[in-house]
Amino acid sequence: MTTRPLTRRHTLVVRLNDRPGALYRAIGLMRRRDYNVSSLVVGPTDRSGTSRMVLVVEAANVHQIVQQLSRLIDVLSVAEVAHEDALFDQFDDAMRQFDFPVLPTPTVQELVR
Amino acid sequence: MKTPTDPALRTGAQILCEALVRQGVDVIFGIPGGAIMPFYHALPEYADQLHHVLCRHEQGAGHAAEGYARASGRVGVCVATSGPGATNLVTPIADAWMDSSPMVAITGQVSSALLGTDAFQETDIIGITVPITKHSYLVRDARELPRVIAEAFHIAASGRPGPVLIDVTKDCQQSSVVPDWNSVHDLAGYDDHRLRDIDPAGIAAAIYLLVRAERPLILAGNGVIQSGATAELLALAEHTGIPVITTLHGLGAFPQDHPLSLGMPGMHGWVHVNRAIQRCDVLLNIGSRFDDRVTGKASTFAPNASVIHVDVDPSEIGKLVPVKVGIVGDAAVAMRALIAGFEEQVPRSARGDNALRAWRDEISALREQFEPRQEYRRRPDSGTLQPHDVCAALNAARRLRGNCRVVTDVGQHQMWTAQLLDWQRPRSHITSGGSGTMGFAVPAALGAAMALPDETIWVVVGDGGFQMTNQEIATMAQEGITNVKIAIVNNGYLGMVRQWQQLFEGRRYSGTPLTGPDFAKLAEAYGVRGVTVDHVSEVDTAIAEAWDHPGVVVIDFRVEREANVFPIVPQGRSIGEMMTSAHTLEAPALPLAGRS
Chain A
110 MTTRPLTRRH TLVVRLNDRP GALYRAIGLM RRRDYNVSSL VVGPTDRSGT SRMVLVVEAA
170 NVHQIVQQLS RLIDVLSVAE VAHEDALFDQ FDDAMRQFDF PVLPTPTVQE LVR
Chain B
87 MKTPTDPALR TGAQILCEAL VRQGVDVIFG IPGGAIMPFY HALPEYADQL HHVLCRHEQG
147 AGHAAEGYAR ASGRVGVCVA TSGPGATNLV TPIADAWMDS SPMVAITGQV SSALLGTDAF
207 QETDIIGITV PITKHSYLVR DARELPRVIA EAFHIAASGR PGPVLIDVTK DCQQSSVVPD
267 WNSVHDLAGY DDHRLRDIDP AGIAAAIYLL VRAERPLILA GNGVIQSGAT AELLALAEHT
327 GIPVITTLHG LGAFPQDHPL SLGMPGMHGW VHVNRAIQRC DVLLNIGSRF DDRVTGKAST
387 FAPNASVIHV DVDPSEIGKL VPVKVGIVGD AAVAMRALIA GFEEQVPRSA RGDNALRAWR
447 DEISALREQF EPRQEYRRRP DSGTLQPHDV CAALNAARRL RGNCRVVTDV GQHQMWTAQL
507 LDWQRPRSHI TSGGSGTMGF AVPAALGAAM ALPDETIWVV VGDGGFQMTN QEIATMAQEG
567 ITNVKIAIVN NGYLGMVRQW QQLFEGRRYS GTPLTGPDFA KLAEAYGVRG VTVDHVSEVD
627 TAIAEAWDHP GVVVIDFRVE REANVFPIVP QGRSIGEMMT SAHTLEAPAL PLAGRS
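Sequences listed follow chains A and B, in order. Quick note on the numbering used here: the first sequence kicks off at 110 and runs consecutively. Quick note on the numbering used here: the second sequence kicks off at 87 and runs consecutively.
Source of the hints: derived by calculation from the structure; they are not laboratory data. Some clues are possibly wrong.
[As the list claims (entries may be wrong)] Between beta-carbon pairs, the in silico distance windows are:
hint, chain 1, residue 1, chain 2, residue 2, range
1, B, 672, A, 200, 56 to 64 Å
2, A, 116, B, 131, 41 to 49 Å
3, B, 539, A, 192, 54 to 62 Å
4, A, 206, B, 205, 55 to 63 Å
5, A, 154, B, 436, 54 to 62 Å
6, B, 278, A, 189, 20 to 28 Å
7, A, 207, B, 287, 46 to 54 Å
8, A, 192, B, 343, 49 to 57 Å
9, B, 626, A, 116, 23 to 31 Å
[What the hints assert, rightly or not] Below are the SDA-like pairs computed for lysine to any residue, each with C-alpha atoms no more than 25 Å apart in a straight line:
hint, chain 1, residue 1, chain 2, residue 2
10, B, 405, A, 210
11, B, 405, A, 203
12, B, 410, A, 177
13, B, 405, A, 197
14, B, 383, A, 171
15, B, 405, A, 170
16, B, 383, A, 168
17, B, 405, A, 175
Heads up, the beta-carbon is just placed ideally off N, CA and C, and yes, glycines get one too.
Could you put together the complete structure from these sequences and hints?
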């Protein structure tokens with residue numbers, strides 16, 4: 110019988126190069142190493158050429174995730190920050206509840222005209 | 087000011103060639119195709135410095151680059167076109183990733199205007215290889231090529247080595263620019279941990295454990311060879327008197343005729359080695375990654391040991407086995423610091439031969455009880471040809487003639503070769519470990535032969551793996567290679583799978599019986615010598631004649647069909663439990679405490 114190790118939520122702030130593929134590398138790593146991402150925000154930083162990714166992960170060994178992310182050459186730094194459940198709950202709620210106005214989808218006839 | 091007549095103008099393809107030459111590359115392995123044609127057009131201008139080996143399959147080109155890298159320690163380079171050319175490189179790239187081999191793979195890509203349009207032979211090779219490369223580049227602007235090539239070689243070879251992919255669009259190769267060879271690396275996010283100072287606190291903690299240990303062991307892996315740290319390993323062992331275990335990729339890191347050498351641990355390691363691991367109180371791992379083929383069931387591995395782990399890759403420390411002391415850095419530097427610390431704390435009278443007598447006697451007793459290796463070598467000269475006979479004869483011939491390199495494939499023959507040959511020097515044993523890639527050996531030997539034209543490269547390969555990539559013998563013939571000798575351990579099965587089916591699945595031989603062509607005739611068809619050996623009395627002569635023959639030789643050793651690799655740790659078991667025959671499970675008398 111296998112017991113799953115106890116997991117806890119952690120927040121990681123990752124600074125990475127703003128280059129094609131950098132985000133793909135970081136996100137792909139989370140999938141293939143079987144890490145569980147519960148929230149993800151990506152945006153620009155004050156410094157040109159770099160972007161910032163904030164992720165919340167469910168993990169038993171967050172140190173291993175930090176090390177694996179740090180191996181990526183497009184990742185400049187990884188820091189675990191104090192995890193604020195309330196902040197992410199608010200953010201998740203806002204994303205869930207925001208009513209995005211849907212734009213009309215053109216028909217094929219409109220596209221080829 | 088650039089003008090069409092500017093004499094400094096170069097095409098992207100020319101810049102690519104020149105950048106390779108500037109990195110000291112003298113041989114590349116590849117196959118041309120549409121999207122890489124401009125590169126091939128430029129190649130003849132650099133023919134004096136850059137020799138291209140035309141392989142018969144891109145997988146062969148990739149494994150050849152790996153073999154070149156593993157034999158020489160330099161970066162191996164392979165080239166392919168877009169689409170299927172690039173995807174055929176995926177297996178060797180994954181293999182280089184798992185075994186930390188320095189490799190640069192260059193692929194052509196469709197022109198930038200066609201990117202993302204499902205153009206002819208367009209494949210997102212970067213997307214496909216992200217999980218198995220250390221880094222990768224898509225180059226669309228030829229002005230980036232000098233920097234990208236320099237970065238790629240630096241990344242591939244430094245820190246923990248690995249494969250780097252450079253995907254170059256066709257229009258980039260065709261465009262003309264003035265190259266800037268003074269461009270600087272842009273690698274703010276890359277940490278080559280080899281260059282870092284070793285944390286003295288880690289060394290102090292390791293010394294504290296080592297000087298108090300009663301039953302310590304050193305586990306040496308690929309990292310020792312990659313770091314060029316075999317002299318340091320020898321000095322560390324001789325200073326401390328600590329016995330040394332070498333993993334599959336560590337074979338040759340420590341001379342196996344040394345009294346402190348124990349041999350290989352793990353699934354097919356010797357019983358006494360695994361028992362020693364289960365008994366030890368301090369385990370000093372230098373440059374190995376606790377692969378599951380070494381640890382068996384990880385939670386029961388070395389249950390009594392405080393583990394010290396030295397690795398150049400910090401993500402390996404604590405990944406699989408709990409560690410008391412982690413030391414990030416280069417193996418040679420770390421071992422020099424350990425030796426210095428040990429000398430400071432331990433009087434001369436308690437070093438070397440005077441240390442740890444009881445522990446070494448305990449291991450010697452285990453060795454006498456369990457190592458069947460000498461029996462294999464004393465086999466009577468009768469009966470069916472055994473795979474062990476081939477390994478024993480090759481080992482004897484190598485002793486007589488001096489060293490050679492041995493390249494193995496994956497499966498039973500790989501384990502027999504690892505077990506039964508004496509590994510004395512680094513880079514003499516080349517195999518596919520982490521990835522377990524059948525078809526590795528023949529093309530990897532091609533690469534090793536190009537790197538070391540003055541040495542003999544022996545291939546030991548099964549009949550299954552040989553049938554996956556033997557077309558690279560045609561490449562050897564075209565290149566005029568003479569120093570590759572191929573021993574096929576032919577048992578007419580995919581032998582390792584068959585062995586598992588025999589031992590664990592009631593002899594249900596599903597999908598494992600295997601026929602093949604007459605391999606000697608096949609060799610002759612390729613224009614090289616082919617020999618068939620059916621009897622043990624012919625083995626020595628066949629090996630000697632192959633060694634002396636000025637050309638590639640293929641020997642088809644038709645061996646006992648159902649010979650097994652013993653000992654073996656059944657899957658999911660502790661390494662303390664080993665089958666030494668189909669009917670014998672050697673388990674420790676007392677249950678070992680699991681790691682809590």
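Hint check:
no.	hint	verdict
1	B:672 / A:200: 56 to 64 Å	holds (58 Å)
2	A:116 / B:131: 41 to 49 Å	violated (58 Å)
3	B:539 / A:192: 54 to 62 Å	holds (59 Å)
4	A:206 / B:205: 55 to 63 Å	violated (43 Å)
5	A:154 / B:436: 54 to 62 Å	holds (57 Å)
6	B:278 / A:189: 20 to 28 Å	holds (24 Å)
7	A:207 / B:287: 46 to 54 Å	holds (50 Å)
8	A:192 / B:343: 49 to 57 Å	holds (56 Å)
9	B:626 / A:116: 23 to 31 Å	violated (60 Å)
10	B:405 / A:210	violated (46 Å)
11	B:405 / A:203	violated (37 Å)
12	B:410 / A:177	holds (20 Å)
13	B:405 / A:197	violated (29 Å)
14	B:383 / A:171	holds (23 Å)
15	B:405 / A:170	holds (9 Å)
16	B:383 / A:168	holds (22 Å)
17	B:405 / A:175	holds (12 Å)
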